[in-house]
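**Q** Sequence:
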Amino acid sequence: SAMVFTQLADDVPTACTTIEEVGSTGVGALTVAFLIFAVSTVIFLAKANASGEQRKYYYLMTYICGFATASYFAMLSGQGWTAIAGCRQFFWARYGDWMVSFTLIVVLLGQVASAGMDVIFGAAGANLIYLCSLYMGSVSVVTTVKWFWFLIGLVALFAVVVHFAQIYKAAADARGGEAAQLYGKVAWLSILVWICYPAVWLFSEGFASFSVSFEVCAYCVLDLISKVVLSFMIMSGHDILGAKDGATSQSRDFV
Numbered sequence: 407s408a409m410v411f412t413q414l415a416d417d418v419p420t421a422c423t424t425i426e427e428v429g430s431t432g433v434g435a436l437t438v439a440f441l442i443f444a445v446s447t448v449i450f451l452a453k454a455n456a457s458g459e460q461r462k463y464y465y466l467m468t469y470i471c472g473f474a475t476a477s478y479f480a481m482l483s484g485q486g487w488t489a490i491a492g493c494r495q496f497f498w499a500r501y502g503d504w505m506v507s508f509t510l511i512v513v514l515l516g517q518v519a520s521a522g523m524d525v526i527f528g529a530a531g532a533n534l535i536y537l538c539s540l541y542m543g544s545v546s547v548v549t550t551v552k553w554f555w556f557l558i559g560l561v562a563l564f565a566v567v568v569h570f571a572q573i574y575k576a577a578a579d580a581r582g583g584e585a586a587q588l589y590g591k592v593a594w595l596s597i598l599v600w601i602c603y604p605a606v607w608l609f610s611e612g613f614a615s616f617s618v619s620f621e622v623c624a625y626c627v628l629d630l631i632s633k634v635v636l637s638f639m640i641m642s643g644h645d646i647l648g649a650k651d652g653a654t655s656q657s658r659d660f661v
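Numbering-wise (my numbering), the sequence shown opens with residue 407 and increments by one.
It is worth saying that the hints were derived from the structure and are not from the lab. Among these hints, one or two may not hold up.
To be verified - Below, a list of computed lysine-lysine pairs in the DSSO-like style, where the Cα atoms sit at most 27 Å apart: (1) 462 / 591; (2) 552 / 575; (3) 462 / 575; (4) 453 / 591.
Note that this is a predicted model, so its numbers are computed, not measured.
Let the sequences and hints guide you as you build the complete structure.
**A** Right, dumping it as structure tokens:
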């Protein structure tokens with residue numbers, strides 16, 4: 407049994423005597439993010455119950471922020487984490503949230519673009535491969551395996567970006583009107599923010615250059631932009647989303 411903790415390779419970690427955990431700054435960021443997600447969830451749920459054609463968008467926003475709220479509550483409560491290579495605190499609860507909420511974001515953007523369900527399923531599948539790969543890379547103890555998972559994740563993320571930038575966009579352009587313009591704005595916001603996630607991973611779960619608190623703060627900012635800011639941008643197009651052809655009420659006056 408003593409062999410369990412004996413190191414036979416440089417890239418396999420020893421048993422941790424101390425663990426680098428999130429500090430007060432990180433806890434503060436988790437608290438602020440939790441409150442913002444909780445309030446946003448209530449706002450979108452109330453909006454969903456008071457909307458007609460746009461209800462499907464608000465229900466998706468509600469669960470996107472709702473799952474994030476649950477994840478951040480878990481992390482604030484000291485749950486949903488384990489120690490990974492380098493004796494570093496790793497919040498796996500974050501990945502549980504991402505696998506649900508990012509998939510819902512894929513569906514939400516697909517709905518805004520009026521993309522077909524087959525295309526949406528394709529983007530959702532690539533997204534799950536991307537997130538599962540980052541998770542497996544995070545918990546890998548062998549360096550070579552870790553970076554192989556990271557590369558797989560990048561390939562899958564590229565597939566998601568192609569869906570957002572080309573396939574979804576083609577559907578949005580076919581819809582036309584201001585709906586296409588709205589999709590263009592939220593799609594590029596999502597693409598830019600989603601690309602930042604593996605960049606943070608690279609220097610946190612990857613090279614462990616960032617402190618756990620800095621990692622938590624960075625992910626908090628990205629989560630708030632990719633979910634809350636995105637949802638409010640879509641909510642700003644409430645009337646646009648209510649028009650099936652993407653036209654405004656002014657353009658419909660000439661029909």
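**Q** None of the hints should be skipped; say for each whether it holds.
**A** Verification of the hints:
{"no.": "1", "hint": "462 / 591", "verdict": "holds (20 Å)"}
{"no.": "2", "hint": "552 / 575", "verdict": "violated (33 Å)"}
{"no.": "3", "hint": "462 / 575", "verdict": "holds (20 Å)"}
{"no.": "4", "hint": "453 / 591", "verdict": "holds (22 Å)"}
Checked against the numbered hints listed earlier, the structure breaks hint 2 alone; every other hint is satisfied.
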